[in-house]
Amino acid sequence: MTERLVIIGNGMAPGRMLEHLIEAAPGAHDVTIFNAEPRVNYDRIMLSPVLSGEKTYDDIVIHDDAWYAAHGITLHRGHRITGIDRDARTVTSDGGITAAYDRLVIATGSNPFMIPVPGKDLAGVLAYRDLDDVEKMLDATERGGRAVVIGGGLLGLEAAAGLKARGMEVTVLHVMPTLMERQLDPAAGYLLEKELKRRGIHVITKANTKAILGTDRVQGVELADGTQIPASLVVMAVGIRPNVQIAKNAGLEVARGIVTTDTMATSDPAVFALGECAEVGGQVYGLVAPLYEQARVLAAHLAGDTTPRFVHQDTPTKLKVTGIDLYSLGDFAEGDDREEIVLRDASAGVYKRIVLKDNRIVGTVLYGETADGAWFNDLKKKATDVSDMRDTLIFGQAFQGGAPADPLAAVAALSDDAEICGCNGVCKGRITGAIRAKGLTDLDGVRAHTKASASCGTCTGLVEKLLKLELGDRYNPATVQPMCPCTTHGHDEVRRLIRAKGLKTIPAVMQELEWQTSCGCAKCRPALNYYLVCDWPADYADDYQSRFVNERVHANIQKDGTYSVVPRMWGGMTSSHELRAIADVVDKFDIPAVKVTGGQRIDMLGIRKEDLPAVWADLGKAGFVSGQAYAKGLRTVKTCVGSTWCRFGTQDSTGLGIRLEKFMWGSWTPAKLKLAVSGCPRNCAEATCKDIGVICVDSGYEIHFAGAAGLDIKGTEVLGHASTEDEALEIVVALTQMYREQGRYLERIYKWTKRIGVPEIRRQIMDDLPRRKSYFDRFVFSQKFAQVDPWSERVSGKDKHEFKPMAVVGYQEAAE
Amino acid sequence: MSIWIDIGALDDLPLRGSRCVQTPTGKIGVFRTADDRIFAIRNECPHKGGPLTEGIVHGHSVTCPLHNWVISLETGAAQGADEGAVETIPVRVEGTRVLLLRSAIGARVAA
Chain A
1 MTERLVIIGN GMAPGRMLEH LIEAAPGAHD VTIFNAEPRV NYDRIMLSPV LSGEKTYDDI
61 VIHDDAWYAA HGITLHRGHR ITGIDRDART VTSDGGITAA YDRLVIATGS NPFMIPVPGK
121 DLAGVLAYRD LDDVEKMLDA TERGGRAVVI GGGLLGLEAA AGLKARGMEV TVLHVMPTLM
181 ERQLDPAAGY LLEKELKRRG IHVITKANTK AILGTDRVQG VELADGTQIP ASLVVMAVGI
241 RPNVQIAKNA GLEVARGIVT TDTMATSDPA VFALGECAEV GGQVYGLVAP LYEQARVLAA
301 HLAGDTTPRF VHQDTPTKLK VTGIDLYSLG DFAEGDDREE IVLRDASAGV YKRIVLKDNR
361 IVGTVLYGET ADGAWFNDLK KKATDVSDMR DTLIFGQAFQ GGAPADPLAA VAALSDDAEI
421 CGCNGVCKGR ITGAIRAKGL TDLDGVRAHT KASASCGTCT GLVEKLLKLE LGDRYNPATV
481 QPMCPCTTHG HDEVRRLIRA KGLKTIPAVM QELEWQTSCG CAKCRPALNY YLVCDWPADY
541 ADDYQSRFVN ERVHANIQKD GTYSVVPRMW GGMTSSHELR AIADVVDKFD IPAVKVTGGQ
601 RIDMLGIRKE DLPAVWADLG KAGFVSGQAY AKGLRTVKTC VGSTWCRFGT QDSTGLGIRL
661 EKFMWGSWTP AKLKLAVSGC PRNCAEATCK DIGVICVDSG YEIHFAGAAG LDIKGTEVLG
721 HASTEDEALE IVVALTQMYR EQGRYLERIY KWTKRIGVPE IRRQIMDDLP RRKSYFDRFV
781 FSQKFAQVDP WSERVSGKDK HEFKPMAVVG YQEAAE
Chain B
1 MSIWIDIGAL DDLPLRGSRC VQTPTGKIGV FRTADDRIFA IRNECPHKGG PLTEGIVHGH
61 SVTCPLHNWV ISLETGAAQG ADEGAVETIP VRVEGTRVLL LRSAIGARVA A
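From first to last, the protein sequence lines stand for chains A and B.
For the record, in the first sequence the residue sitting at position 314 is 314 according to the UniProt record's numbering, with numbers rising by one throughout.
For the record, in the second sequence the residue sitting at position 96 is 96 according to the UniProt record's numbering, with numbers rising by one throughout.
Simulated from the structure, these hints should not be mistaken for laboratory data.
Warning: the hint list may mix true and false statements.
Unchecked claim - Computed from the model, here is a short list of chain A residues facing chain B with C-beta under 7 Å: (1) T517; (2) G520; (3) C521; (4) G561; (5) A807.
The beta-carbon is built from N, C-alpha and C at its ideal position, and this holds for glycine as well.
Sequences are here, hints too, so could you generate the full structure?
Given below as structure tokens:
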């Protein structure tokens, strides 16, 4: 019979515990999780990169909904447990759910400590603990201004760097004389402070916060010496306290944390504690490596293996601030029985210190150059006698035995049981073994099979070296295809950084992302122009010199340098008046060819560039606007006659088509976007091979997408069903906006879909209604700036130079 | 003595852009690059005769709008794997005016 396992909390430790448990005893447990946060399990260590904009929330999700579903785990999100009844063996949530357990795991983590000063409850005073905090900080950064971070430890400094990267003026207040004093000695703390100041972050040490000022919202911070620092945002990152209330109320033994044995059992053998809330051997832990070790031990016990025990190990600390290399391990206090080796290189900003006791490493601080951290850690763990290499020890592994300073040599020389990934406790042998056994060729493969480099990512460089060592030239780190030879970034990277860094011009993008050419090329410039148009509709000034000629002159260039012109015919409907106007224009300008297009429009071919504005002027008088048949944007909405005429029509397909086209015309998309609406499943408008298609049925509208009928032939996927025309419109528009925001330039919707996956798109557009609405709203906002008829603009004189030669040099003038 | 023909004001040329000049010997493309240098070449891609003035200007090159050949504005030669070249025309800026060398325009007439 399956055992009922209830878990309170859904952080990284229980997530990891479940992974081990599912592997060791698949199907043996009926698992129910209560999570006070309304989310799935995500990587909290990566909140700082989300804050700084280097990653998004989606990047840091560890277990998505599909994972819980696949393993039959019930996850109650946003449910806080209000009580544990240990006699009845049940827990009850504030959402009114009571669940019975055979065994219970408490993994409630910790709470941020808020220093008890006046004003700590004002709006704008935040902790730095979960995604909600990060989202509030990001909100604040949009308004700009000044931020104060209280606490110069690991979290506080990462928060400060993130807020600075988002453009705020940041001051760090730290109560001790040097930063990160628990992990760094004063010398390294000084170097770190200097580097932060160089980056424009103010640092005040020995700063005692007396009060937080303000009436409703925070306005500043006052120190004990009377100094006042104005701030619209205050982040407190002074420490965490194990969240033990629920255990205390249940009568479990609690000290600083919930007291457990080295098998994670509390004073009640049916109840376990795991993670930051647990106290093992008198210690509580906050770094992920020991927590994952607890998860491994607990999973083994729950699966019936009673041998593993949790044993304390020192965990190295690294700061996740881009460009600052810092590594600290073990105990580095001075003492009579200790010796130290120090290396300083002021010009290179390098500081290294190794603390020895009985010729064995007990602690290490590395600043500026941290590549040897893993090696020092290995020597420390094994308590290796270093007497023989003392003279060169500080220079690192590459200098031992006179080996050449080959960057791979250091990694090659590591023993198989040397730890590479501290977060997940993965040693070198497991990684190289997996590379060989599973034929892995890239970082993602290693992450998937060993978890190495999958948490905080600071060991990524080491893992890459191992790949290089195993695969030689077969390893190609640039698995991301760069946009073009001007950059090493891929399209997705560029898009993300444009948003994260708030880059709003092409020169700014090229400068900040270190473009390797002075002004790009014909591949990247149109792509960047599109990304900027899409992401900053109100702010970005379209750069016509970065548009392909068709979009610059709003017509399609032909092989002989003439142009073709296609006016809009909404939904493919026209009239005698329109047809007469077209006939007149064809006669007047002696247009050599007129053709009906596949998208139900009329194309006039062979128009000289100089004639374009006059042609448009005449078409404009008849009410025509540009059909944008040249655009990476909304092209045509093809329709059938629908219920208005057809004896089979179920809905007004023509009307919906016209409505869609009038709503969406003018919008730029990553590649051309063609729509169709068919009035019944006979599908006369051929909607099932379009980028987006609607099939009307008796009960409403079936929304299709991701079809193709060009280079590739592909039927559409079904996105979902809409019961009203309004709903159909909202779905089509939201889908378009999602594609606009995520598609790579020139990537048609079916290729984008292949990359993202139909279920994910369905989840965002059909299941997540607030998200659908926000996509819709962003599209509507963007249209305010996009719906300007480019033809009438040019008839009124815009870009006049485009359509006239600069000069005409006559025969007389030219002849010698 | 070389004779130069005034074809217009520098301001008529957009940065990273181009204009074309009609002459008895065909069209000439005049280009202004991001670093504010001026170049002139025959406005016919050596590949299929595409109008180079309609292309995107980047660095000291232009990409033909028809089939993406990249042509050097300095030498007129096709870049990369493509082979071919267009004639370059001597051009200079005097104050705010742009001038082309008459003999280069008229060369074909004389020939």
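### Query
Which hint numbers does the structure go against, in order from smallest to largest?
Nothing - there is no hint that the structure violates, so all of them hold.
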